[in-house]
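Protein chains: 2
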Amino acid sequence: MVYDFWYWPTLPGRGDFIRYPLEAAQIPYTDCARDAEDGFAAVAEHLEAKQGCHAFAVPLLETGSESIAQTANILLFLNQEHGLGPSDAAGMRYLNQLQCDIADITEEVHAVHHPISTAFYYEDQRDAAIQSAEKFREQRIPKYLAHFERIANAHDGDWLLEGDSWSTGDTSIAYLLDGLHFMFPLRMAALQSDYPTIHQIQQKTFALEYLDAYRASDRCAAFGTEGIFRNYPELDAA
Amino acid sequence: MVYDFWYWPTLPGRGDFIRYPLEAAQIPYTDCARDAEDGFAAVAEHLEAKQGCHAFAVPLLETGSESIAQTANILLFLNQEHGLGPSDAAGMRYLNQLQCDIADITEEVHAVHHPISTAFYYEDQRDAAIQSAEKFREQRIPKYLAHFERIANAHDGDWLLEGDSWSTGDTSIAYLLDGLHFMFPLRMAALQSDYPTIHQIQQKTFALEYLDAYRASDRCAAFGTEGIFRNYPELDAA
Chain A
1 MVYDFWYWPT LPGRGDFIRY PLEAAQIPYT DCARDAEDGF AAVAEHLEAK
51 QGCHAFAVPL LETGSESIAQ TANILLFLNQ EHGLGPSDAA GMRYLNQLQC
101 DIADITEEVH AVHHPISTAF YYEDQRDAAI QSAEKFREQR IPKYLAHFER
151 IANAHDGDWL LEGDSWSTGD TSIAYLLDGL HFMFPLRMAA LQSDYPTIHQ
201 IQQKTFALEY LDAYRASDRC AAFGTEGIFR NYPELDAA
Chain B
1 MVYDFWYWPT LPGRGDFIRY PLEAAQIPYT DCARDAEDGF AAVAEHLEAK
51 QGCHAFAVPL LETGSESIAQ TANILLFLNQ EHGLGPSDAA GMRYLNQLQC
101 DIADITEEVH AVHHPISTAF YYEDQRDAAI QSAEKFREQR IPKYLAHFER
151 IANAHDGDWL LEGDSWSTGD TSIAYLLDGL HFMFPLRMAA LQSDYPTIHQ
201 IQQKTFALEY LDAYRASDRC AAFGTEGIFR NYPELDAA
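Sequences listed follow chains A and B, in order.
Take the first sequence: its letters are residues 1 to 238, numbered as in the UniProt record's numbering.
Take the second sequence: its letters are residues 1 to 238, numbered as in the UniProt record's numbering.
No wet-lab data here; the hints were simulated from the structure.
Worth double-checking, as some hints may not be accurate.
Copies of one chain are not kept apart here, so a pair can be met inside one copy or by any two copies together.
Using 20 Å as the maximum straight-line C-alpha spacing, the simulated SDA-like pairs for lysine to any residue come out as follows [unchecked claim]:
| no. | residue 1 | residue 2 |
| --- | --- | --- |
| 1 | K50 | N153 |
| 2 | K204 | S165 |
| 3 | K135 | A119 |
| 4 | K135 | E162 |
| 5 | K135 | H110 |
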């Protein structure tokens, strides 16, 4: 079984929330849009052709019998199918809840640089973005990171959740922190020492053999000024 | 078993996504904040006291052994525990995916009237909200409603998903449409005939005996100018 994975090429965006556990656990997948001549057109065509499967957007994982969309929903499937998290129902729900929290902050991050509408260019809503970023840096980042830090500190284990091995919660937190440090380098440098446990988890997650190899490869797209996590210096401050 | 349900009192907000199926299926629950003297303070105190359970926000459902947060995650639990949806894993995933889509548009609706930050009053970001609302009305509402209409038309059944009985997908779509009609009465009146199937589903859902009784009761809070769905006439147009 080799999954077909669909996401916009050349930007990590929401796609790396899925690629990270696929890579770290060495689950075979084809990154369909990356391998296409025009990956953006290929994604749009695939979504159009697959309207019957009812994915509103990518990321989308095709298993052969199912088309699974929505980041948290795909990760829940990977947990259940590949044991990348708790195996009991309550534990899976708890991890799913956490992934929904991460989806929420991810959505808020995108809204920082596109506060008025995704239909306008960043440059056409920059003044609103500057106001939005100030409140996000001051209030939302500490609120979310304190939440994740409490979760990580709720037990003595090495990972975000109880247990001896990493879960998709770890890969998601690691990726989220990476994105936040890229987008808000000054603010995150100022805050980092307040949230030591999740940063240790990030380091441990990034040291996982196959995730490390993925991140070092040219398959892993760098952050830039596309997608969710973007660095516009005017949106950052300590 | 009587669940303890927590949500801000006096506003339907995200809470009615949960209350609708609880009421329609006559699942016993206590609406804790509604019954409190100062419901807003009670929610804040409960979240603080329950930090160990790691709910980032309400809605929150306490089962006795679990504290379950995040709307889609609570609905997934209700599906699994009370059979309010497909009973097979693939069907549950599909419904969960749909609930995540509904969570996304709900978040976008809130961002229409608070585009820059929830830390500012509406009145202090009204100009941005007017721009945001125009794009939301023109582009996002039709895109989401066409998506849900396709799902509803994908089979010959009476409800959103295949099967003989309603699911949380139906209660969520019914509530979402109700909120959109309240917030954008002119735009939704202009669009309604383009999406007949989901509007029929809304009518059938609202006709469910116990949901109808709930909506007619004083337990069901009206939409207003708090919460997710708000009517500001300047944000609407056909």
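**Request:** Identify every previously stated hint that the structure contradicts and give their numbers, smallest first.
**Result:** 4
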